[in-house]
Each structure stands twice: as C-alpha cells, then as structure tokens.
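Asker: Next come the chains, spelled out residue by residue.
Protein chains: 2
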Amino acid sequence: MTLKLHNFFRSSTSTRLRAALNLKGLDYEYVPYALRKGQTRTPEYLAMNPQGLVPSLEREDGTVLTQSLATIEWLEETHPEPPLLPTDADGRARVRALAYMIACEIHPLNNLRVLFRLGDQFDADEAAQKEWFTHWVTLTFDALETMLATSRDTGRYCHGDTPGLADICLYAQVWNNRRFDITTDAWPTIARIYTELDMLPAFHQAAPPNQPDAS
Amino acid sequence: MTLKLHNFFRSSTSTRLRAALNLKGLDYEYVPYALRKGQTRTPEYLAMNPQGLVPSLEREDGTVLTQSLATIEWLEETHPEPPLLPTDADGRARVRALAYMIACEIHPLNNLRVLFRLGDQFDADEAAQKEWFTHWVTLTFDALETMLATSRDTGRYCHGDTPGLADICLYAQVWNNRRFDITTDAWPTIARIYTELDMLPAFHQAAPPNQPDAS
Chain A
1 MTLKLHNFFR
11 SSTSTRLRAA
21 LNLKGLDYEY
31 VPYALRKGQT
41 RTPEYLAMNP
51 QGLVPSLERE
61 DGTVLTQSLA
71 TIEWLEETHP
81 EPPLLPTDAD
91 GRARVRALAY
101 MIACEIHPLN
111 NLRVLFRLGD
121 QFDADEAAQK
131 EWFTHWVTLT
141 FDALETMLAT
151 SRDTGRYCHG
161 DTPGLADICL
171 YAQVWNNRRF
181 DITTDAWPTI
191 ARIYTELDML
201 PAFHQAAPPN
211 QPDAS
Chain B
1 MTLKLHNFFR
11 SSTSTRLRAA
21 LNLKGLDYEY
31 VPYALRKGQT
41 RTPEYLAMNP
51 QGLVPSLERE
61 DGTVLTQSLA
71 TIEWLEETHP
81 EPPLLPTDAD
91 GRARVRALAY
101 MIACEIHPLN
111 NLRVLFRLGD
121 QFDADEAAQK
131 EWFTHWVTLT
141 FDALETMLAT
151 SRDTGRYCHG
161 DTPGLADICL
171 YAQVWNNRRF
181 DITTDAWPTI
191 ARIYTELDML
201 PAFHQAAPPN
211 QPDAS
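Those sequence lines, one after another, are chains A and B.
FYI, the numbering for the first sequence is 1 to 215, going by the working numbering.
FYI, the numbering for the second sequence is 1 to 215, going by the working numbering.
One chain only, chain A, in its complex shape (with noise of 0.2 Å):
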C-alpha cells in the first residue's frame, strides 16, 4: 500500500498523523503544502478535501481520508497491531475522552485559521493572540492534568504502557504550545508522558522541526 499524506510541517494534526503512521510502521509520501501560501485552496486541493484542511490521507486507488481522527480510527481497523487504543470499552472510553479534549477544546480554538479570524474580526495583535491561545491550553491542561495525575490507569504513557490516541494528540498539542512560548512547567504529569513519548522514534521523528518542509 502506498499511501500519500498531504500535510503541513507545523499542523498539530499533521503532527497527530505522522505519528500514527509511524506507530503502524506504515511508510507515505510526504506531500507538503504551505498553508499561508493559501496551497490547500486550490481547486486541485479541494477536489480531494473539501474543507481546504490537512492532513488528507491518499490511499493507491485514490480513495481520500480526511479529519486526523477519522482516518486513526480508520488506520487503527485496518492495521489493528500495534493497538493504538485499548481492549477494554472502559480503556478505549477514557483514551478517547482524553484524547478529544485536546481535538475538541484545544486545537480548533487556536489553529491558525482562527488566529488570522481574531486579527481580521477583532484586530487582535500577536500579544492578544497569544492570551488567547494560552487561555485554552490552560484551561483544558488544567483538567486533563487532573485527570491523568489522578487515575490508576495512568502509566508510563497516558493509559497504561503503551503509547496511543491520546498521546498523540498530547504530543502535537505540546508541539503546538511552543508557538506562544507554552511550556509543560504547570502540568508535571503531562510534562513526564510528553518527555517520555519524545524518547519514542515514531514519535520524534514525527514532530514539526524533523519534516522536509520545515523551515
């Protein structure tokens, strides 16, 4: 299977991808696009995804998977090994749950389309761009802090031992961070999974500064 990824070097859900496939031991193509370039507005680009967003997934037969979490879950039934999710309904519930309060309550507030919406609806400068992206982060590291602090099924990684769904996005969603300076310093538990996760090739290899595109 070859399998191409259209993605962005600095996209925290290009990050996500990147890691899951290396996770499956899936080899891709990497095709990148400089989002403020406006490359994934193209007719060509919004023929395959229609939300102009990356990363899209583009299978041999021409087949497109698009939204990061859709296409793990995908990669997760169709290469079931290494699990990216638990067994167990309770695991995969909870996996899920952490990994969606980064999807849902941090990552769409601060991407950078919402940022270039604050500057033009609001005229919000870098320093008002930062306060808010810090606001999110904050609020939901706080809980999720809490949450992985606080649970026996917290491991070495954030459920149990083996690294998956929510560690990826923990791991793009600190990567994200660094744009505004973010550091782990307020959230000890995250900060200790992060470092470890970091130690992981599928992981590292897949953070933004070691893509083609980086600049």
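To be clear, the hints were calculated from the coordinates, so they are not data collected in a lab.
A virtual CB, placed ideally from N, CA and C, is assigned to each residue, including glycine.
There could be a bad hint or two in this list.
Sample of chain A residues facing chain B (criterion: CB under 7 Å; computed from the structure) [said to hold, decoys possible]:
#1 Tyr100
#2 Phe122
#3 Thr146
#4 Ala149
Fit chain B to the given chain A structure using the hints.
Answerer: Using the frame of chain A, we list chain B on its own:
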C-alpha cells in the same frame, strides 16, 4: 442498567448524547444543570468531570463517561444494536469524518464559554458574536454540503438509510445554529437530512425544547 445523564437542554453536545441514547433505546435519568448559573463549576461536579462541561454520563457503578463523542463510541461498543456506524472501515471513516467536521470545526468555536470569552477579551457584543458564530458554521457547512451532495454514499441520512453518528452531530448543530437565527436554507442537502431526522422520535425527543429544563 440505570444511566444518569448530567446535561443541559440547549447544549449541543447534550443533544448529541440524548439522540444516541434514544437511538440505542436506553432509558436514562435526566439531571439538568444551568450552565449560566455555574452549576457545572461546583466541587461536586468537577470531581465527576474535571472539565466542568456537559454532558457526563454516570453509570450505575459510579463510573462517569465524559466527552460526548467518546461516550457515543462507548455506547456503540457496549450496545451495538442498532448501529450508529457502518460495518465497513471506509464507511466508518466517512461517517466519523463528517461528524468530526462539526465536532472539531464548528461546535468548539461556538459554544457558550467561547462566546463569553469573546465578550471578555474583545468586547464582542451580540452582533459580533453572531458574525463569529455564523462565520464558522458557514465555512464548514459549505464543505459538508459539498461532501454530502456529491457522494453516492449519502442516502436518506448522511450515510445510507440508517441514522448514525454524523446525523447526530448534524442534527444537534442545526439546532445550535438557531441561537443566532441561522437557517438551513443555504444548504439543501443538510436541510433535507435534518428534516428526515426530525421525523424520527429518537431525534425529535432529543431536541432542546423537548427537555424538562427547557425555557
């Protein structure tokens, strides 16, 4: 199994979970929280759900499930009939992608705490909040309309003739849009599917005005 649904009538994520429970034919005790009165910010509620968000689904053994989509996936795994996702991996990826377009690109930008934040940080008044809300709905509903209108997989509902996860998100979002008087007129396929869904008791009974705390 006795389930307690901690929720709020107007919350879009609560509407999703009510529809899913109804589709699965599961009874639940309805526990309402007035979000504007801070009833989900109490120590008791935060102990159950550290994010202070609705909905939370409490099981008889005291286990609490958070994040509506994680909870719905749990329902799907523990109560497979009737299914809310197709059986094939491609179909599941499509339905999840449609669902996440709403759950990750519209709702997180438009919920109550975001509108409050726009007021606090940018002095956004009702008109500015409406402009913001409408912008994000339009951006994603335009793409969703294209994807639904051009796919042979679209049937009576978002995917074939069985209502599922994407329909749950679509139905809840159309209701949420009414907060700012956004109709479905611009999106004929979305409008058609919403009308079909609203004829199903599982959806209609999940709608905000049909809840005990509706005002």
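Asker: Against each hint, give a clear statement of whether it holds in the structure.
Answerer: Hints versus structure:
1. For the restraint placing Tyr100/A at the interface with chain B, the shortest Cβ-Cβ distance is roughly 4 Å, inside the 7 Å limit, so the hint holds.
2. With 7 Å as the threshold, the beta carbon of Phe122/A comes within range of chain B, its nearest partner Cβ sitting at about 4 Å, so the hint holds.
3. The beta carbon of Thr146/A comes within 4 Å of a beta carbon in chain B, closer than 7 Å, and the hint placing it at the interface holds.
4. Annotation: Ala149/A was flagged as interfacial toward chain B, and the flag is violated, the nearest CB pair being 10 Å apart, outside 7 Å.
Checked against the numbered hints above, the structure breaks only hint 4 and satisfies the rest.
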